[in-house]
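A.B. asks: Spelled out from the first residue to the last, the chains are:
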Amino acid sequence: GAGVSQSPSNKVTEKGKDVELRCDPISGHTALYWYRQSLGQGLEFLIYFQGNSAPDKSGLPSDRFSAERTGGSVSTLTIQRTQQEDSAVYLCASSHARPGKVYNEQFFGPGTRLTVL
Amino acid sequence: QKEVEQDPGPLSVPEGAIVSLNCTYSNSAFQYFMWYRQYSRKGPELLMYTYSSGNKEDGRFTAQVDKSSKYISLFIRDSQPSDSATYLCAMSLPMTTDSWGKLQFGAGTQVVVTP
Chain A
1 GAGVSQSPSN KVTEKGKDVE LRCDPISGHT ALYWYRQSLG QGLEFLIYFQ GNSAPDKSGL
61 PSDRFSAERT GGSVSTLTIQ RTQQEDSAVY LCASSHARPG KVYNEQFFGP GTRLTVL
Chain C
118 QKEVEQDPGP LSVPEGAIVS LNCTYSNSAF QYFMWYRQYS RKGPELLMYT YSSGNKEDGR
178 FTAQVDKSSK YISLFIRDSQ PSDSATYLCA MSLPMTTDSW GKLQFGAGTQ VVVTP
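Each protein sequence line maps, in turn, to chains A and C. No gaps in the numbering here: position 101 of the first sequence is 101 in my numbering, and each next residue is one more. No gaps in the numbering here: position 31 of the second sequence is 148 in my numbering, and each next residue is one more.
If you're looking for bench data, these hints aren't it; they were derived computationally from the structure. All values derive from a computational prediction rather than experimental measurement. One or more of the hints may lead you astray.
A few chain C residues facing chain A, derived, Cβ under 10 Å [what the hints assert, rightly or not]: (1) T141; (2) Y166; (3) K187; (4) K219; (5) L220; (6) V230.
By construction, the Cβ of each residue, glycine as well, lies at the ideal position given by its N, Cα and C atoms.
Hey, can you work out the whole structure from these sequences and the hints?
C.D. replies: This is the structure we're talking about:
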């Protein structure tokens, strides 16, 4: 079946503009995660959803970042008033995982490469 | 200091050699330990995961976790040029915590296997 998809694959924007990044998880996966990968860096956790709620949003770097998930499926990460330091690859992952269950693999999408000029 | 430390490399080895990768971490509460492989401009893919301490083998790959030393390793035997990629270690807290879904990644080690 289809994997995790993300759109757009590339986004170039000007400093100060708002951007929306979209993630379509694998069908049936209840958990959805957003990470950010800066050049030469590992992945930095941003937020995760279980269903439509976000038990852990501790990784959002500032109040310019927000995310929502509707219908337990698609998620949107919004960055307001973008800054040059927001330039990175934004990765989304999904999994079957639920609290109390055996660990389940997080499947990653290809990412959205964001460049803020 | 980062919670998970990983040498970024690059690590260059000849084809057929053993690749040895490792990470150290500071949070003794981590319980799940993973290795991901990431090709250029692709998302990471899970290679192996281990629960708590011990060894796990899958084909040419062996993962080791030493919780007493807060040290994890990945070995790739008989390396191939197709193994050239960035390898990321990751770990997570027990499933009973609110933050169980969050993976803490190392910086990734770039591996180049030369023919």
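A.B. asks: Each of the hints needs a verdict: does it hold here or not?
C.D. replies: Do the hints match the structure? See the list:
1. T141: violated, 14 Å
2. Y166: holds, 6 Å
3. K187: violated, 17 Å
4. K219: With Cβ-Cβ at 5 Å, under 10 Å, it holds.
5. L220: holds, 6 Å
6. V230: Constraint on C/V230 not satisfied, violated at 20 Å.
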